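**Student:** Required output: the full structure, derived from the provided sequences and hints.
Take a look at the letters that make up each chain.
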Amino acid sequence: MRVRAAWQFLAPTLIVLALVAGWPLLRTLWFGFTDATLDDLADYRFVGLANYLEYDDGEWYGVLADPDWWSAVWRTLWFAAVSVSLETVLGLVVALALNVRFPLRGLLRAAILIPWAIPTVVSAKMWGWMLNDQFGVLNHVFMGLRLIDQPVAWTANPDLAMWAVIMVDVWKATPFMALLILAALQMLPGDCYEAARVDGIHPVRVFFRVTLPLIRPALMVAVVFRALDALRVFDLIYVLTSNARSTMSMSVYARQQLVDFQEVGYGSAASMLLFLVIAMLTISAIALGRLRQQEPGR
Amino acid sequence: MRPLPETETSARTFAPVLTRLPSFRILRAIALAATAAVCLALALRPAHAQAVEVSISCGAVGQELELCRDGAQAWAQRTGHRVRIVSTPNSATERLALYQQLLAGGSTAIDIYQVDVVWPGILARNFIDLAPYANGAQKEHFAAIIENNTIDGRLVAMPLYTDAGVLYYRRDLLEKHGVPVPETWQQMTEAAQRIQAAERREGQTGLWGFVFQGRAYEGLTVNALEWIDSFGGGHVVEDDGSISVRNPQVEAALALARGWIKDIAPEGVLNYGEEEARGVFQSGHAVFMRNWPYAWALANGENSPVRGKVGVVALPRGATAQGPGKHTGVLGGWNLAVSRHSPHAAEAADLVMYLTSRAEQKRRAVTAAYNPTMPALYDDAQVLAANPFFRTLYPTFSEAVARPSRPTGRKYNRVSSAFWNAVHGVLIGAAEPGPALADLEHELQRMKRRGW
Numbered sequence: 060m061r062v063r064a065a066w067q068f069l070a071p072t073l074i075v076l077a078l079v080a081g082w083p084l085l086r087t088l089w090f091g092f093t094d095a096t097l098d099d100l101a102d103y104r105f106v107g108l109a110n111y112l113e114y115d116d117g118e119w120y121g122v123l124a125d126p127d128w129w130s131a132v133w134r135t136l137w138f139a140a141v142s143v144s145l146e147t148v149l150g151l152v153v154a155l156a157l158n159v160r161f162p163l164r165g166l167l168r169a170a171i172l173i174p175w176a177i178p179t180v181v182s183a184k185m186w187g188w189m190l191n192d193q194f195g196v197l198n199h200v201f202m203g204l205r206l207i208d209q210p211v212a213w214t215a216n217p218d219l220a221m222w223a224v225i226m227v228d229v230w231k232a233t234p235f236m237a238l239l240i241l242a243a244l245q246m247l248p249g250d251c252y253e254a255a256r257v258d259g260i261h262p263v264r265v266f267f268r269v270t271l272p273l274i275r276p277a278l279m280v281a282v283v284f285r286a287l288d289a290l291r292v293f294d295l296i297y298v299l300t301s302n303a304r305s306t307m308s309m310s311v312y313a314r315q316q317l318v319d320f321q322e323v324g325y326g327s328a329a330s331m332l333l334f335l336v337i338a339m340l341t342i343s344a345i346a347l348g349r350l351r352q353q354e355p356g357r
Numbered sequence: 002m003r004p005l006p007e008t009e010t011s012a013r014t015f016a017p018v019l020t021r022l023p024s025f026r027i028l029r030a031i032a033l034a035a036t037a038a039v040c041l042a043l044a045l046r047p048a049h050a051q052a053v054e055v056s057i058s059c060g061a062v063g064q065e066l067e068l069c070r071d072g073a074q075a076w077a078q079r080t081g082h083r084v085r086i087v088s089t090p091n092s093a094t095e096r097l098a099l100y101q102q103l104l105a106g107g108s109t110a111i112d113i114y115q116v117d118v119v120w121p122g123i124l125a126r127n128f129i130d131l132a133p134y135a136n137g138a139q140k141e142h143f144a145a146i147i148e149n150n151t152i153d154g155r156l157v158a159m160p161l162y163t164d165a166g167v168l169y170y171r172r173d174l175l176e177k178h179g180v181p182v183p184e185t186w187q188q189m190t191e192a193a194q195r196i197q198a199a200e201r202r203e204g205q206t207g208l209w210g211f212v213f214q215g216r217a218y219e220g221l222t223v224n225a226l227e228w229i230d231s232f233g234g235g236h237v238v239e240d241d242g243s244i245s246v247r248n249p250q251v252e253a254a255l256a257l258a259r260g261w262i263k264d265i266a267p268e269g270v271l272n273y274g275e276e277e278a279r280g281v282f283q284s285g286h287a288v289f290m291r292n293w294p295y296a297w298a299l300a301n302g303e304n305s306p307v308r309g310k311v312g313v314v315a316l317p318r319g320a321t322a323q324g325p326g327k328h329t330g331v332l333g334g335w336n337l338a339v340s341r342h343s344p345h346a347a348e349a350a351d352l353v354m355y356l357t358s359r360a361e362q363k364r365r366a367v368t369a370a371y372n373p374t375m376p377a378l379y380d381d382a383q384v385l386a387a388n389p390f391f392r393t394l395y396p397t398f399s400e401a402v403a404r405p406s407r408p409t410g411r412k413y414n415r416v417s418s419a420f421w422n423a424v425h426g427v428l429i430g431a432a433e434p435g436p437a438l439a440d441l442e443h444e445l446q447r448m449k450r451r452g453w
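Residue numbers (my numbering), protein chains in the order written: chain A, 60 to 357; chain R, 2 to 453.
Among these hints, one or two may not hold up.
EDC-like cross-link-like pairs, simulated, lysine to aspartate or glutamate; straight-line CA separation at most 16 Å [said to hold, decoys possible]:
no.: 1; chain 1: R; residue 1: 177; chain 2: R; residue 2: 203
no.: 2; chain 1: R; residue 1: 263; chain 2: R; residue 2: 191
no.: 3; chain 1: R; residue 1: 363; chain 2: R; residue 2: 141
no.: 4; chain 1: A; residue 1: 184; chain 2: R; residue 2: 95
no.: 5; chain 1: A; residue 1: 184; chain 2: R; residue 2: 380
no.: 6; chain 1: R; residue 1: 449; chain 2: R; residue 2: 203
no.: 7; chain 1: R; residue 1: 449; chain 2: A; residue 2: 116
no.: 8; chain 1: R; residue 1: 263; chain 2: A; residue 2: 208
no.: 9; chain 1: R; residue 1: 449; chain 2: A; residue 2: 208
no.: 10; chain 1: R; residue 1: 327; chain 2: R; residue 2: 184
no.: 11; chain 1: R; residue 1: 449; chain 2: A; residue 2: 294
no.: 12; chain 1: R; residue 1: 363; chain 2: R; residue 2: 65
no.: 13; chain 1: R; residue 1: 363; chain 2: R; residue 2: 380
no.: 14; chain 1: R; residue 1: 177; chain 2: R; residue 2: 153
no.: 15; chain 1: R; residue 1: 327; chain 2: R; residue 2: 400
no.: 16; chain 1: R; residue 1: 310; chain 2: R; residue 2: 176
no.: 17; chain 1: A; residue 1: 184; chain 2: A; residue 2: 294
no.: 18; chain 1: R; residue 1: 449; chain 2: R; residue 2: 240
Please keep in mind that the hints were generated in silico from the structure rather than gathered at the bench. As the structure is a prediction and not an experimental result, all values here were calculated from the model.
**Tutor:** Shown next as structure tokens:
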């Protein structure tokens with residue numbers, strides 16, 4: 060009886076989810092097996108796995124045989140790893156600072172959310188102008204402080220472009236991490252800290268032995284959230300550096316195939332592979348988390 | 002609730018009084034006759050007088066939007082219809098992506114699309130045939146452009162303005178340092194190096210020699226094709242579909258271009274589009290610039306720091322030991338097409354004919370240096386007075402080299418993207434010209450498979 064009631068309560072959500080997320084996913088899966096093009100979606104043939112991998116006349120074709128795709132995959136993974144690590148560390152620092160009582164703390168807590176609140180496209184465009192090598196304010200300031208003697212082309216130089224993207228992403232997402240970690244810090248019981256103070260333990264050891272293990276669940280949630288977002292990164296890279304090969308992520312690649320080249324079949328196959336990569340990483344992250352929990356405590 | 006006494010009284014007294022007036026019958030007859038007359042007039046008025054709203058998307062680079070708006074408003078006043086201008090992204094690549102999404106979805110949001118000269122082959126299916134509405138107006142335009150816009154016997158777009166890449170230079174700086182206007186790329190490079198070094202010594206530390214469009218987008222395909230063609234290196238894919246991109250002239254061209262980066266061109270040029278390059282040149286921070294003719298009017302505009310100091314000449318030749326090269330410029334230009342999903346095709350076609358008419362083309366040429374697509378206007382005194390270089394560069398405009406969009410058909414975007422990525426890779430120093438061209442040739446062959 061209760062189970063039936065539970066299903067009835069869940070039914071509206073599941074239906075909406077199926078329509079909004081399930082249907083496009085199945086349609087993308089279907090298109091991945093066809094040779095549809097954007098200018099005439101009704102006229103296509105079923106081509107099986109040709110979009111994924113195909114051997115024809117001495118050459119391998121398909122998304123899995125495209126070196127651009129693989130470099131996009133590694134680049135996206137690297138980007139996710141670096142930016143999420145930086146955001147976690149900085150978010151932790153900010154959250155610890157905001158956990159302490161000081162005047163105007165409330166105002167500061169509201170103010171640091173601003174980067175997260177601005178839509179990504181707007182802030183990317185804004186940073187794009189700031190990073191401009193001739194008119195950009197960043198070069199102006201650095202040259203004024205004598206840190207560099209020539210204006211640096213942040214978004215044009217292939218070695219620096221990815222770091223510029225990471226910098227903007229960290230700027231944008233650190234408040235999100237700080238917010239989630241702060242919420243966890245606020246829930247910590249005070250008696251552990253009193254005991255530590257009584258025993259005279261160094262604050263750094265207190266942090267690593269007491270605080271960190273206690274906020275680990277919330278931290279893991281925040282990290283997984285951010286990692287999923289980072290793996291899907293598109294708007295930041297597209298606005299800052301357009302379709303340049305040196306900064307292409309998996310989403311940018313899929314979109315280029317789908318929209319710029321009008322190849323809905325090929326692009327859908329790339330999108331499905333993107334979905335699979337993210338799904339595999341999410342599942343392994345959750346599995347690792349479960350294994351950790353089952354380990355005997357230290 | 003009881004009604005207010007006044008209304009109750011007036012309602013009960015007025016009605017009977019009215020109907021008993023002897024003149025009431027006359028009034029009623031007059032009212033009926035007037036209504037009938039109005040209905041008759043409404044029914045008999047001409048069918049097209051119903052005002053419709055036509056949506057047009059016409060660019061956002063330079064003064065394009067203003068010119069389009071003025072022209073469309075003039076038409077609207079003349080015909081009584083309304084025009085809604087829809088603004089679109091600056092970059093041609095992004096605009097194409099937006100158009101493809103709208104047209105694939107059968108959107109009625111935009112009736113008239115401004116299409117680049119390389120898009121008719123890609124988008125032809127979505128546009129109506131304008132020949133019935135043109136009534137022979139096609140003959141007044143450049144035959145090459147009309148041919149470019151005719152796909153499978155249907156005229157899918159009318160030419161709005163044409164374009165070819167030209168070289169802008171700072172006449173005052175060249176005169177000051179006694180440097181002649183360069184004929185070859187080598188001369189331009191040396192001139193740029195000399196003037197840049199001399200000016201920087203005098204204190205102009207922000208001055209660079211040459212700016213162009215080096216971002217990885219369609220504009221880089223245009224710039225690179227100009228370098229290659231000026232060296233006599235072919236057109237990447239020839240008209241018969243053969244891939245000609247791997248040859249010594251192309252290597253020489255790319256090696257020369259790579260040498261410019263950080264020498265006479267700022268490193269940021271690798272992320273410049275048309276507007277960024279124009280911004281650097283117009284603010285006085287560059288000696289030479291490659292851009293489209295639209296920048297002429299802006300460089301000589303009211304608030305331009307380089308007003309009156311700018312000269313325009315054809316792009317330099319690529320002279321090598323093998324040959325003198327040739328002056329060239331890639332065919333650009335935009336056209337107007339009517340969507341087949343448009344609910345007001347006739348009115349939209351009428352607006353297209355108006356905007357591409359001789360008077361409108363002349364207005365755009367005189368006020369903003371947009372090249373007309375009608376040979377007759379290149380002899381017009383007022384047009385030449387505003388843009389003297391139209392006469393001297395007429396060969397560049399009439400013989401502009403086209404990008405390989407016709408032979409590659411629907412795969413043109415892929416070909417262009419592979420080409421601009423290969424060139425960008427050479428420019429940033431990630432690859433040598435030889436291996437990069439070998440990879441590009443291989444990639445193009447994979448795209449071609451059995452045929453374009």
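**Student:** Take the hints in turn and mark each one as holding or not.
**Tutor:** Evaluation of the provided hints:
As the CA atoms of residue 177 of chain R and residue 203 of chain R are separated by approximately 13 Å, the hinted pair is consistent with the 16 Å bound. A threshold of 16 Å between alpha carbons decides the hint, and for residue 263 of chain R with residue 191 of chain R the separation of about 14 Å falls inside it, so the pair holds. About 13 Å separates the Cα atoms of residue 363 of chain R and residue 141 of chain R, which keeps this hinted pair within 16 Å; it holds. Distance hint between residue 184 of chain A and residue 95 of chain R is fulfilled; the C-alpha atoms sit about 15 Å from each other, no more than 16 Å.
Annotation: proposed proximity of residue 184 of chain A to residue 380 of chain R is violated, straight-line Cα distance about 44 Å (limit 16 Å). With a C-alpha separation of about 54 Å, the suggested pair residue 449 of chain R and residue 203 of chain R falls outside the 16 Å cut-off, and the hint is violated. Between the alpha carbons of residue 449 of chain R and residue 116 of chain A the distance comes to roughly 13 Å, so the proposed pair stays at or under 16 Å and holds. As the CA atoms of residue 263 of chain R and residue 208 of chain A are separated by approximately 14 Å, the hinted pair is consistent with the 16 Å bound.
Taken as a hint, the residue 449 of chain R and residue 208 of chain A pair is broken in the structure, with Cα atoms around 47 Å apart against an allowance of 16 Å. About 10 Å separates the Cα atoms of residue 327 of chain R and residue 184 of chain R, which keeps this hinted pair within 16 Å; it holds. For a cut-off of 16 Å, the pair hint linking residue 449 of chain R to residue 294 of chain A is broken: about 31 Å separates their Cα positions. For the hint pairing residue 363 of chain R with residue 65 of chain R, the CA-to-CA distance comes to about 14 Å; that is within 16 Å, so the pair holds.
With a C-alpha separation of about 11 Å, the suggested pairing of residue 363 of chain R with residue 380 of chain R holds against the 16 Å cut-off. Proximity of residue 177 of chain R to residue 153 of chain R is assessed by CA-CA distance (about 55 Å); at most 16 Å being required, the pair is judged violated. Distance check on the hinted pair: residue 327 of chain R and residue 400 of chain R sit about 12 Å apart at the alpha-carbon level, within 16 Å; holds. Between residue 310 of chain R and residue 176 of chain R the CA atoms are separated by roughly 10 Å; this keeps the pair inside 16 Å, and the hint holds.
In summary, the hint linking residue 184 of chain A to residue 294 of chain A is supported, as the alpha carbons are separated by about 10 Å, within the 16 Å threshold. Distance check on the hinted pair: residue 449 of chain R and residue 240 of chain R sit about 14 Å apart at the alpha-carbon level, within 16 Å; holds.
In this structure, the hints that do not hold are numbers 5, 6, 9, 11, 14, in rising order.
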